[in-house]
Amino acid sequence: MGMRGATLEAPPAQEPKAERGAYASHKRLVPYWLLTPGGAWLLLFLVFPLFILLYTSLESGGLLSGGFRFTWQFSNYQTVLQQYQKYFVRSLVYSIIVTIACLVLAYPMTYWIAFYGGRRKSSFLLLILLPFFVSFVIRTIQWKFLLGDSGMILGPLKNLGLLPRAFHVLATPFAVVAGITYNYLPFTALPLYVALERIDKRLVEAAKDLYSTRWQAFRHVVVPLSVPGMFAAFLLTFVPATGDYVNAAILGGPGTTMIGNIIQTKFLSENLYNQAAALSGILMAAMVVLVSIYARVLGTEEVVRAAAA
Amino acid sequence: MSEQDEGTFLDPARMQAVLKSRLTRRGFMKGAGTGAAAIGLGSLLAACGGGTSKGGSGKTGWDISKIYSGQAGDTINFANWPLYIDYAKDKNGTRYIPSLKKFKDETGITVNFAEVIQGNPDFFGKLQPQLAAGQDTGWDIIVITNGTQFTALVANDWVYPLDPAKHPNFDQYAAPWAKNPSYDPNNEHSMPWQSGLTGIGVNSKLVNGPITKMDDLANPDKVGKARVDMLTEDMPNFVMINLGIDPVTSGPAEWKEAAAWLLKQRDAGVIRAYTDQGYIDDMTAGNLSAFMAWSGDVLYYALWAGYDNLSFVFPEGGALHWNDNMMIPAHAANPVGAMELMDFYYRPDIATMVTEWVLYMSPVPKTQELILADAKKAEAQNYKGYANKLYQTAKSPYLYPSAEFLAKTSYGRNLTTDAERQEWDSIFLPISQGG
Chain A
34 MGMRGATLEA PPAQEPKAER GAYASHKRLV PYWLLTPGGA WLLLFLVFPL FILLYTSLES
94 GGLLSGGFRF TWQFSNYQTV LQQYQKYFVR SLVYSIIVTI ACLVLAYPMT YWIAFYGGRR
154 KSSFLLLILL PFFVSFVIRT IQWKFLLGDS GMILGPLKNL GLLPRAFHVL ATPFAVVAGI
214 TYNYLPFTAL PLYVALERID KRLVEAAKDL YSTRWQAFRH VVVPLSVPGM FAAFLLTFVP
274 ATGDYVNAAI LGGPGTTMIG NIIQTKFLSE NLYNQAAALS GILMAAMVVL VSIYARVLGT
334 EEVVRAAAA
Chain B
9 MSEQDEGTFL DPARMQAVLK SRLTRRGFMK GAGTGAAAIG LGSLLAACGG GTSKGGSGKT
69 GWDISKIYSG QAGDTINFAN WPLYIDYAKD KNGTRYIPSL KKFKDETGIT VNFAEVIQGN
129 PDFFGKLQPQ LAAGQDTGWD IIVITNGTQF TALVANDWVY PLDPAKHPNF DQYAAPWAKN
189 PSYDPNNEHS MPWQSGLTGI GVNSKLVNGP ITKMDDLANP DKVGKARVDM LTEDMPNFVM
249 INLGIDPVTS GPAEWKEAAA WLLKQRDAGV IRAYTDQGYI DDMTAGNLSA FMAWSGDVLY
309 YALWAGYDNL SFVFPEGGAL HWNDNMMIPA HAANPVGAME LMDFYYRPDI ATMVTEWVLY
369 MSPVPKTQEL ILADAKKAEA QNYKGYANKL YQTAKSPYLY PSAEFLAKTS YGRNLTTDAE
429 RQEWDSIFLP ISQGG
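Line order of the protein sequences matches chains A and B.
Quick note: to get this note's numbering, add 33 to the position in the first sequence (first position is 1).
Quick note: to get this note's numbering, add 8 to the position in the second sequence (first position is 1).
Since the hints were made in silico from the structure, they are not lab data.
Treat the hints with care, as some may be off.
Said to hold, decoys possible - Below, in silico cross-link-like pairs of lysine-lysine (DSSO-like), each with a Cα-Cα straight-line distance of 27 Å or less: (1) B:374 x B:109; (2) A:154 x A:177; (3) B:174 x B:110; (4) B:97 x B:109; (5) B:213 x A:177; (6) A:119 x B:74; (7) B:233 x B:272; (8) B:187 x B:213; (9) B:403 x B:385; (10) A:119 x B:264; (11) A:154 x A:234; (12) B:385 x B:110; (13) B:174 x B:385; (14) B:74 x B:112; (15) B:233 x A:177; (16) B:230 x B:264; (17) B:385 x B:109; (18) A:191 x B:74; (19) A:191 x B:174; (20) B:272 x B:97; (21) B:272 x B:230; (22) B:230 x A:177; (23) B:272 x A:119; (24) B:109 x A:191; (25) B:213 x B:109; (26) B:97 x B:112; (27) B:264 x B:233.
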């Protein structure tokens, strides 16, 4: 915007030419200078690896026949999609459940903090973020101990005869979904909190003045105004949760393999780099498409317009 | 052993390192999810570099007389697994490797020992671009387990053939199983560094009755529901061996037979997980009743970590035998020195130094009597705990297996073409991936 303003403005006639030129070009370059560090970072660590990913996904060959060569092997995509469709679907299903569970868990919590947290808001928020201070993998491994067949929770219950001996939580889809939900809860809670916190509390009072019930005020004022937060929460939770492989690897069993685990196996055990890259490419494309659809349905622009109307 | 080495017999750091070696080498660092993320990009870049290699059978690419014509260079770069060699502390408390110091004293060659291998596929991934481009990888010796990556190195002519005239110690002292293994006829490209077995680990508190054979792993009455762990990579060969099939000569029909057993096992509802590693957490947490396991991991926990309810079982049908092999990557700068060092480790006194540390199966059987001698010496000096450990080491049937044991082991199927490998994967991967 700043740049455009500078170029479109008619130059004041009195100004000396040289000085004006230097000033304008300097001003014109400022946005680019500001973009440079982040831009270079993204170029190096996002665009370049993405290019390698796509390049690798179009290679053919094999480990035992001289490695892989670039041959525009588009059939890689078809092959892996056919073979691993099921795991994409499973990952999406898990991830949708996780996203909904995170929203359901985080909404009342953040709502309460935003509206009734008072002076302690920041402290409560910190409590939500506290798990972040411990490594993701360590936390997940702790779950394994916690939920072990004769661990802290199931052990005593079994000893009391409340649960059958063979009962187990680990290695079930529930364990995986619950683990991901736990790990991504803060990603949902933070954006939700930001959206709820920003809501002008007087709007709720106004709604009540206009004879709305508490529920109606919540339903027609608070919820619509928090939609942008829900959208951000969705993005931050749904996308990484779909690609997650740590929870399935640590808490899951044979029936809970997610697409992230397949990609990991392809890459690190089978050394089939081209297929691993193709799978990653498909996952990424699927995410972009799904998120775009979601954005159309619940897009932030429409939300803002609706809120203004 | 020198005076100062004996002084460190009971050094806690040393004991800790001894214990760690068992964890790290096979069980602990084999590419858990954490490490995998970090390795990912490297492998990805590596994958990009392929393409200029000539491929081929690996039989004709190199001329031994040319490779080994020169003199040994001044340095050898040796890539190995973490804590897989002997360590000691000098007077200043600095860690060093006694066997390599001895090598330096005798030959004047400096060895740069690097613990850089934490998994075969990812280490292979790092070397692949240079190998494919016909460049020196920077390593003179690498240690690779028999399996896909080993075969790929040989098939693509990415390792130098060894000079059979340059390993006299190997010829004299190597165990029969180390010579002419099925995956590398005549040791043309490799000599074993250390070795181990894949059998069954048992938690006596959680099983009903003794576990003696593979079929017990599919019997819910014996092992309970969802309590068995299988090792994804090892299980096809393990099952074939126990079904009485010789994996070495097996084909798709036999593979399907093994897959059928694995499916039967899965349908019996006993499986908790298929893993590449990480069964140790479940094992110690008491989540597993019986599980496929590497001899060293279970033995360590049973003998030295106080888990007396754990034991290692050599199944009636047999066990899988694996070797970690020294190889010389193509275009290595110092192949003559590398050969010399590899053979140096087949001298019984040197091999003993390593075995007393890493506690894996040594390719030099003569180490057994030398370890017993060291045990007596330690006992005489009143280092009772350490003496006992040495006795256990020397007497373990899993470190020094009998001929009868070994007759029931196999190195497994060597998959030599991509088509074979794909067929193998298409039969076995759906089992572990819940397909």
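Hint check:
With a C-alpha separation of about 22 Å, the suggested pair residue 374 of chain B and residue 109 of chain B falls inside the 27 Å cut-off, and the hint holds. Restraint check: the Cα-Cα separation between residue 154 of chain A and residue 177 of chain A comes to about 32 Å, which exceeds 27 Å; the hinted pair is violated. For the proposed pair residue 174 of chain B and residue 110 of chain B, the alpha carbon gap of about 19 Å is at most 27 Å, so the pair holds. For a cut-off of 27 Å, the pair hint linking residue 97 of chain B to residue 109 of chain B stands: about 12 Å separates their Cα positions.
Only pairs whose Cα atoms come within 27 Å are accepted, and residue 213 of chain B paired with residue 177 of chain A is accepted, the gap being roughly 20 Å. Simply put, residue 119 of chain A and residue 74 of chain B have alpha-carbon atoms about 53 Å apart, too far for the 27 Å limit, and the pair is violated. Of the supplied pair hints, the one linking residue 233 of chain B and residue 272 of chain B holds, its CA atoms being roughly 14 Å apart against a limit of 27 Å. Restraint check: the Cα-Cα separation between residue 187 of chain B and residue 213 of chain B comes to about 40 Å, which exceeds 27 Å; the hinted pair is violated.
A hinted pair counts as satisfied when its Cα atoms are at most 27 Å apart, and residue 403 of chain B with residue 385 of chain B qualifies at roughly 16 Å. A C-alpha spacing of about 22 Å is found between residue 119 of chain A and residue 264 of chain B, which places the hinted pair at or below 27 Å, so the restraint holds. Among the hinted pairs, residue 154 of chain A with residue 234 of chain A is consistent with the structure: their alpha-carbon atoms are about 15 Å apart, no more than 27 Å. For the proposed pair residue 385 of chain B and residue 110 of chain B, the alpha carbon gap of about 21 Å is at most 27 Å, so the pair holds.
A C-alpha spacing of about 34 Å is found between residue 174 of chain B and residue 385 of chain B, which places the hinted pair above 27 Å, so the restraint is violated. A distance of roughly 25 Å separates the Cα atoms of residue 74 of chain B and residue 112 of chain B; the hinted pair therefore holds under the 27 Å criterion. Annotation: proposed proximity of residue 233 of chain B to residue 177 of chain A holds, straight-line Cα distance about 18 Å (limit 27 Å). At most 27 Å may separate the alpha-carbon atoms for a hinted pair to count; residue 230 of chain B and residue 264 of chain B meet this at roughly 26 Å.
For the suggested pair residue 385 of chain B and residue 109 of chain B, the alpha carbons sit about 23 Å apart, so the restraint of at most 27 Å is met. The straight-line distance between the Cα atoms of residue 191 of chain A and residue 74 of chain B is roughly 70 Å, outside the 27 Å bound, and the hint therefore fails. Restraint check for residue 191 of chain A and residue 174 of chain B: the C-alpha separation of about 63 Å exceeds 27 Å, so the hint is violated. For the proposed pair residue 272 of chain B and residue 97 of chain B, the alpha carbon gap of about 52 Å is over 27 Å, so the pair is violated.
Taking the CA atoms of residue 272 of chain B and residue 230 of chain B, the gap is near 15 Å; set against the 27 Å cutoff, the hint holds. With a CA separation close to 24 Å, the supplied pair residue 230 of chain B and residue 177 of chain A stays within the 27 Å bound. In summary, the hint linking residue 272 of chain B to residue 119 of chain A is supported, as the alpha carbons are separated by about 22 Å, within the 27 Å threshold. At roughly 56 Å between alpha-carbon atoms, residue 109 of chain B and residue 191 of chain A are farther apart than 27 Å, so this suggested pair is violated.
Pair hint residue 213 of chain B plus residue 109 of chain B does not hold up; C-alpha atoms about 46 Å apart against a cutoff of 27 Å. In summary, the hint linking residue 97 of chain B to residue 112 of chain B is supported, as the alpha carbons are separated by about 17 Å, within the 27 Å threshold. About 25 Å separates the Cα atoms of residue 264 of chain B and residue 233 of chain B, which keeps this hinted pair within 27 Å; it holds.
In this structure, the hints that do not hold are numbers 2, 6, 8, 13, 18, 19, 20, 24, 25, in rising order.
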